Amino acid sequence: MNILAMDTSTQVMGVSILKNNEIRTEIVTNIPKNHSVRLMPAIEQAMNLVGLEPKELDKIVTTIGPGSYTGIRIGLTTAKTMGWALNIPVVGVSSLEVMAYQGRFFEGYICPFIDARRGMVFAGVYQWKQNELYLVYEEKNISMEKVLNKLKEDGMPVLFLSPDMKIHEGQIKEVLAEMAVIPEQPHQLIRPGFIGLAGSKKDPASVHELTPNYLRLAEAEAKWLNRMKEK
Amino acid sequence: MNKDIYILGIETSCDETATAIVKNGREIVSNVVSSQIKSHERFGGVVPEIASRHHVEQITIVLEETIQKSGLTWDDIDGIAVTEGPGLVGALLVGVSAAKALAFAKNKPLIGVHHIAGHIYANRLEEEFSFPLLALIVSGGHTELVLMKEHGQYELIGETRDDAAGEAFDKVARMLNLPYPGGPHIDKLAKVGEDTLEFPRAWLEEGSYDFSFSGLKSAVINKIHNAKQRGENLKKEDIAASFQNSVVEVLTEKTYRAALEFEVKQVIVAGGVAANQGLRTALMEKFAPTQIPLSIPPLSLCTDNAAMIAAAGMINYLKGKRSSLDLNANPSLPLS
Ligand SMILES: [Zn+2]
Numbered sequence: 003m004n005i006l007a008m009d010t011s012t013q014v015m016g017v018s019i020l021k022n023n024e025i026r027t028e029i030v031t032n033i034p035k036n037h038s039v040r041l042m043p044a045i046e047q048a049m050n051l052v053g054l055e056p057k058e059l060d061k062i063v064t065t066i067g068p069g070s071y072t073g074i075r076i077g078l079t080t081a082k083t084m085g086w087a088l089n090i091p092v093v094g095v096s097s098l099e100v101m102a103y104q105g106r107f108f109e110g111y112i113c114p115f116i117d118a119r120r121g122m123v124f125a126g127v128y129q130w131k132q133n134e135l136y137l138v139y140e141e142k143n144i145s146m147e148k149v150l151n152k153l154k155e156d157g158m159p160v161l162f163l164s165p166d167m168k169i170h171e172g173q174i175k176e177v178l179a180e181m182a183v184i185p186e187q188p189h190q191l192i193r194p195g196f197i198g199l200a201g202s203k204k205d206p207a208s209v210h211e212l213t214p215n216y217l218r219l220a221e222a223e224a225k226w227l228n229r230m231k232e233k
Numbered sequence: 128m129n130k131d132i133y134i135l136g137i138e139t140s141c142d143e144t145a146t147a148i149v150k151n152g153r154e155i156v157s158n159v160v161s162s163q164i165k166s167h168e169r170f171g172g173v174v175p176e177i178a179s180r181h182h183v184e185q186i187t188i189v190l191e192e193t194i195q196k197s198g199l200t201w202d203d204i205d206g207i208a209v210t211e212g213p214g215l216v217g218a219l220l221v222g223v224s225a226a227k228a229l230a231f232a233k234n235k236p237l238i239g240v241h242h243i244a245g246h247i248y249a250n251r252l253e254e255e256f257s258f259p260l261l262a263l264i265v266s267g268g269h270t271e272l273v274l275m276k277e278h279g280q281y282e283l284i285g286e287t288r289d290d291a292a293g294e295a296f297d298k299v300a301r302m303l304n305l306p307y308p309g310g311p312h313i314d315k316l317a318k319v320g321e322d323t324l325e326f327p328r329a330w331l332e333e334g335s336y337d338f339s340f341s342g343l344k345s346a347v348i349n350k351i352h353n354a355k356q357r358g359e360n361l362k363k364e365d366i367a368a369s370f371q372n373s374v375v376e377v378l379t380e381k382t383y384r385a386a387l388e389f390e391v392k393q394v395i396v397a398g399g400v401a402a403n404q405g406l407r408t409a410l411m412e413k414f415a416p417t418q419i420p421l422s423i424p425p426l427s428l429c430t431d432n433a434a435m436i437a438a439a440g441m442i443n444y445l446k447g448k449r450s451s452l453d454l455n456a457n458p459s460l461p462l463s
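Line by line, the protein sequences give chains A and B.
Heads up: the first sequence begins at 3 in the numbering used here, then just goes up one per residue.
Heads up: the second sequence begins at 128 in the numbering used here, then just goes up one per residue.
To be clear, the hints were calculated from the coordinates, so they are not data collected in a lab.
Remember, it's a predicted structure, so these values are computed and weren't measured experimentally.
Simulated coverage check for chain B against chain A, where a stretch passes if three residues somewhere in it have a Cβ under 8 Å from a Cβ of chain A: (1) 163 to 176; (2) 179 to 185; (3) 188 to 201; (4) 230 to 240.
By construction, the Cβ of each residue, glycine as well, lies at the ideal position given by its N, Cα and C atoms.
Let's have the full structure, built from the sequences with the hints guiding it.
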């Protein structure tokens, strides 16, 4: 079972090849912008390193968001089109869920988040119990303040994971003090190997129906809906 | 002896998700366009983020229909051509990502195509080119005069310095409260109106083939505003006719002068505004006394489509021009 996993939903880009759920290669960059330039060459390189031809792939797993709208579309379009052309299943996984894989051995809540500007984040709360990952609070486009207040109420230790930690670290420590665990940067980035692992547990959707999970309406659409409500 | 060449084209530079297969650069095998006009209507124009969202939802559906309708298999396809620019960057990226994925998965040459080259080559799906050739490209995003001395070689001799012609049409249509897209509505009103308002014609400097439509747009606003203040009511039909005549006269005259100066053997008109009846009629009348053949493709090939990208991509393919897997979308890609 050869799986190609990819992620371009944040400023981190990741590509991995897994054989029977074992990582054979991982390529990760943490360079803002231009995922479009790097993704396909990275896929080609990963395949060459492992000595795989595209037609030998059995499955593709990609993140479908939340995250950067453009980033999500680059990864998802690449995965969908490759999957369709090769006639193999494509699985979409949440970028936040994959981040929560970094907290595999953390006892307590895990709060992966991605900055969504103006005090907002895309965030969810997860927890590992008996080797399974559970969703505690569903993923939302929500203010960081609300997330932190809720977690404070719950009183559990929380592991925070995010490629955008710098923006929110101060506020997290201020509200949660020692309840918050913030690891070093190498733990924060989405690891593409985990995307493959997360995808291996999910059933593929129809390639045509696989769409991004932006967690947020396009701005023009939200404004338009507001205008309709006012009328 | 010579094998037929099939190019698959992908076009997502604005609000149409389009893919097509073209044989030998001249014959459409299959051509699928998924239009988003309905989604953008309520906003009165194309919203880039919404366009991009549609593209990613439509792209594999459109590709599948294109392959199915063609009756071809992947073995038959010789190359993947894609619009790399200009256009909306987020929208372009969907097409570019899809093209690269196909090129890699199916081990086919990748060919980046300029959107304007595509519009020009839409004509070759109807009629073979004669060089030197002059192309007038008029759409919501473009107003350009391009001189071609041979296949795949483009010389920009004039372009708009502000609004594109189609953009001016849309803006004036909005002033007149006409539905989006406004161009066809203006055209219809203009047919029954009269050019009574004497709007300016922007000829610019002597000998220039550039265009400018922002002054005209302001003149229309002022005319409507002043009339309102005087309590007069201008007829919508007359505003439409006066505005359209100003645009058409400049487009026609500059195209005519350029055609004579460069002694071209063919004039082609491309882009969405090429569907405008007023423009078609004026150009045909202007060129009728000359020996220069004028070609305007059918409406379905004037607006954005992927057959034109495949047709232009065929020329790059024959010239051995290939793009690599690090191809990026370039929203301001220069022609040539
Ligand atoms: Zn166009």
